[in-house]
Every structure is written in structure tokens, then in C-alpha cells.
Amino acid sequence: MAPHNNSYPSQHDLPNVLILKLPPSFVIFGEHFFDSAKFRFLKAYESSLPLPQFLLAHAQSVQAILSSGGAPVTADTICLLPNLRLVVTTSQGLNHIDLSECRRRGIAVAGAGTIFSADCADSVVELLIDVLRKVSAANRFVKQGLWSSQGDYPLGSKLGGKRVGIVGLGNIGSEVAKRLEAFGCSISYNSRNKKPSVPYAFYPNVGELAANCDALIICCALTDETYHLINKEVLSALGKDGVIINIARGPIVDEKELVRCLVEGEIRGAGLDVFEHEPDVPHELFALDNVVMSPHNAVFTRESFEDLRKIVVGNLEAFFSNEPLLTAVNLDDQPHFSG
Amino acid sequence: MKSIGVLMTCHMDSYLEQELEKRFNLLRFWTATEKSTFLATHKNSIRAVVGNAFGGADAELIESLPKLEIVASFSVGLDKIDLAKCKEKGIRVTNTPDVLTDDVADLSIGLMLAVLRKLCESDRYVRSDKWKKGDYTLTTKFTGKTVGIIGLGRIGMAVAKRAEAFSCPIHYYSRTEKPETKYKYYPSVVELAANCDILVVACSLTEETRHIIDREVIDALGRKGVLINVGRGRHVDEPELVSALVECRLGGAGLDVFEHEPEVPEELFGLDNVVLLPHVGTGTVETRQAMADLVIGNLEAHFQKKPLLTPVV
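Going down the list, the sequences are from chains A and B.
The letter at position 282 of the first sequence is residue 282 when you use this note's numbering, and the numbering goes up by one with no holes.
The letter at position 236 of the second sequence is residue 1236 when you use this note's numbering, and the numbering goes up by one with no holes.
Since the hints were derived computationally from the structure, they do not count as laboratory data.
Every value quoted in this text rests on a predicted model; they were computed, and no experiment measured them.
Where hints are given, some of them may not hold.
Computed beta-carbon distance windows for the label pairs [stated by the list, open to error]:
no. : chain 1 : residue 1 : chain 2 : residue 2 : range
1   : B       : D1058     : A       : P279      : 52 to 62 Å
2   : B       : G1144     : A       : A59       : 36 to 46 Å
3   : A       : Q53       : B       : R1249     : 35 to 45 Å
4   : B       : Q1289     : A       : S338      : 27 to 37 Å
5   : A       : L51       : B       : V1285     : 24 to 34 Å
6   : A       : S321      : B       : H1211     : 20 to 30 Å
Ideal Cβ placement from N, Cα and C applies to all residues, glycine included.
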């Protein structure tokens, strides 16, 4: 039998990474997707114990949590884990993590970095072209056999020359801008801070941005400040020819008001990957050809999940080797979302 | 000019019809119950034909219109016009280049995204009211995929410029190499197909390019390859394409054009890796108006003995 030493840790010697709920990655790829020789997973969702009891039972051993968008890391959870020093999330958004509590406790947070930016930006362009050029609606029309019986399909609207207003010019917003410029769109934006090195027009508030654009693209984080940021006034400023694209978070938009505007023809159309109460989607939207919807899957590509695997395992391995995290979030710069 | 007879081959655009009617004696060919009688009745007043991708001016039509001076096409494609016959008879021909380049290129990228990311299927899924948490489908990332373009003319170049913004390497096949572009040239369509992820048809339809997408090209493009056709239906051997898609020998297709529009092979209707559009490459209010203005502008220039705006012949 090989002598027991630190080079050959048994499973029981490996540090624990707590997973509260089954992450999408496991559903798709199985539960070994983030396996590593450097840590093991403690799966709260496999236990019959209620979560608080489970946490109490394992409190001392948990130094890290692997979270996903549907598995919030609340102050209550954090306070039951005195040795917690790291939260790694598989999602782009951070609104499900109590960032203030993490900052207070000195807990590091590692996010997705920029691995999802290309897919998110591609989804924005895809939704915008689809709404303006009626791609999904026309595809339905042809596949229902209506072209030969009903003749020509109604005309869409040209993308080139459209004024695009980006709410949140972070990494994703910048990737959106770069792509849409190639289609001949002009870019303007609203962000927490004006970015002096950027060639796009800055608007200090979202209402003014909406009044001066044809397509309003939501690319910002969900925080207390951005909850229902897109409200009746903003939608009214966007106007009858305006389109809204949301790939960020549903609660950034006052959904009831958006639905009303769409049903009453007060805006041209919408492309939505996210909704306030997923997976529930307002039924009024199902009958509208000027709305294109996807089930919060903007980053669900094989390539992005492979990048995610590398970054999650990389962050956890770095943490347990006392090396710098790959994608640490600067908590001093992150506004809070109370949820 | 109200006495000048202008024959419009098929219904194409209400704005165009209305503007033609203000200026000329507009004759709507598609409303004739008996086409040969119609032509016999009006042949001495018809001095212009306005055609499009569906109905142009073939030799037969040209021969039956002794007073024909100009064919103005509501399209950039000229495959429905007998250019040789027009040259022979001194008949001028105009089309609508440039004004529609952006729309066709935009739609090409839209089709690429729709096929790879399966947005139409996502939309269908949400609309079915069956979305439940935990139901995940993975699609293919578009950014960084190699795009192969057949025909590096105005539309091909516009597709390339857009795809580059997604960090897509650009490869192409063209009648002549274009070294100033820095894109990678392949001397044959088969080699291009074997060396790209997404193959786009963006060339004009001629005798040489008919069925330029055949079995060999489809096989080279392969199980993970995607075909985008915004050219003409006859660029593609349609039965071969259909069987490749049905048999999963080709990864997917985004098609705006078909061999026998508006007939579309029904075998494609149930495939979630295929997006089908009813020839809407130029189908925006803005572009159709710009195209119509060009047709009107060319006709007015001709009858006022001024230089044509966009002559082909």
C-alpha cells in the first residue's frame, strides 16, 4: 500500500467546495464537469437536511462556494459559514450574491470575467436583426406553408443607419458596439460613469438616451439602482419606432409596462432573453410577431461552457493553491442588489 | 410622359406602382387573363419593362415588344433578363445596385446567427408556454467561426466586413483573386467549402454559377458546416441540399431563396437547424423605396434623354 503523504490526498483530505443547488452545467454535462484533483464538492442539494441544518453540520469545513444564477448566496447563508473565503459563480450576473456581505466579511468573489461577452453580444445582434427584419416570424410563415398561399411577407426595417443606445458600456456593451458599428449603426450610451476614451456619445440618463435612439440595448448589471430602470417614461421616450433588446436581467425592465407598450403598439418591438419571473413569460407576448424571445440562453453555447469549465476549475484551484484568482471581482466597484 | 407604356411584369411594390402610375401609363402584366392578347393589344405603346427577381424580360417577351427601349430591373440580379438579346436590339438595361447591399448583407449575418444559435427554435419554445427551469439546449457560438464567401462583389464584401466584427476569419472564392482584401482566397468552391464553417452564396446567377452548390460542395462543407443562400435559388442543387439536410450530412442552412419560389421543399419545415425566409433579402421599407426611386430615376433619365443612373447595358 502506498504510504500516506500530502502528495496523494485521499478524498477526505481534499478541501470542500459547497454547491447549494444543482448548476445548469451539471444538468447538461453531468456532475463531474468541474472535477479537479485539488478539491471536492459538497452537494447541499443531495442532502435530505434542510439547508440551514446542512450548513450548520458542515460549517467549519466550507471555505468556498460554487454558485450559479439560480443559487443565491445570501447574508443568511454567509453568516452560517465562518470559514467562507471565496464565492465562485458560473453566471455573468452577480445580483444573486450579497456582495456587501462578502465585502464586509473579506470574502472574495470570482465571476465569469469576459468569457460570455462574445455570446451575449452575438445574441443582442441576433435579436435586433430578428426584430427589425422579422426573421423568426417569416421563418414561421414559410414553415407553415403560407408563402405560396398568402404571397409576399410584410416589409421590415433597415438596420443600417439605426441609432443604437447601449445601457451599460461594460465589456458586453463594448462588444455589442463593435459589432453594430460594422452594420452602419451609430452608437451612444449611458453608463454609471462616462468613459472618456470611447468615441460614442454619452447620455447622462437613460430617458435621454432612449429619446435619441432607435434601438435601446440593455447590457448593465441588475442592482438596486437599475431595478425597473426601463420604466414608463423611458419606454415613452423610446417611442413608436423604437426597439428594446434585453439580454441582461428581467427586473431591469418594468415588464408590465413593456407588455402594455407592445400590445398597444407604443413601441416597434422587443427582443428578450430575460424576464422578471422566469420561466413565466407574459402570455400577451405570444401572439405578437414583433417580439422575439429566448429562454435566458444567450450564453448557452458549447464553446462558452468549455471556457466556463476552465475558469471555474482554474479559480478554485488557484484559491486552494494560494495563487491569485483568474477573474476576481472588484467588490469596491460593485453596487448592491437587495433582491 | 403619360402616354409611354411601362409594362410591370409582376406585383412587386406598392410604392413603385404608385410612382410609376403618376408618370407613365402603367400596364400590370400579372393581371392579364390572356397574356399574348394583352401583349398584342399594347405592344405598340410599351416602351419600357419593369422586372424583378421573379419576372424579367426573356427573349420571347423582348421579341413581342417592338417598341421596347429600356428594361429597368427592380433588383440587382440580372438572371431573368436576356442581356444578349437586349444588346443585340439596342435595348438599355438598368438594375438597383448599392442601395440594397446593406440589407442583403445584414440578413446574411442574421441567418448565420439564427442557424447557429437556433433563435427561431428558442422563440418557438418560449411561445409554446412550455419553458421550465432546467430545460437546457446548447448551440454553437458564432464569434470566431470561419466564414467562406462565394463572390466578393459588393454584397460579399459587405458580408465580410460585418463578419470581421465578430472576429470571423474570412475565406473566399471569386472569379479572380483580390489580393488587396487580405482575405484567404481559394481557387475552387469545393476547397473553400472544405475550409470554412459557414459558406455564403453572394455571387450573381449566370450559366457558370448555376448549381455552384452541388453534392461535392455540400459533402466538403460537411456535417458541421452551414450553408447560407441569399443569392438565387438556382445557385443550389436543391434536391441534393434537401437530402443532405434530412440525412444530417450537412450541419444546417439559412435560405432566403429557392429554385421554384414560392414553393419551398416541405421536408425542410420540421428541421430546427434550417431557417427559411420568403425572399426578403431587400425587404425593408427603406431599401425598397430606394430601389423604386432608382427604377423611376432610370426611366425618367432615359425618356428625358439624360444619362442613365445605373446602366448595365
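Consistency of the hints with the structure:
no.: 1; hint: D1058(B) with P279(A): 52 to 62 Å; in the structure: holds (55 Å)
no.: 2; hint: G1144(B) with A59(A): 36 to 46 Å; in the structure: holds (44 Å)
no.: 3; hint: Q53(A) with R1249(B): 35 to 45 Å; in the structure: violated (55 Å)
no.: 4; hint: Q1289(B) with S338(A): 27 to 37 Å; in the structure: violated (50 Å)
no.: 5; hint: L51(A) with V1285(B): 24 to 34 Å; in the structure: violated (56 Å)
no.: 6; hint: S321(A) with H1211(B): 20 to 30 Å; in the structure: violated (60 Å)
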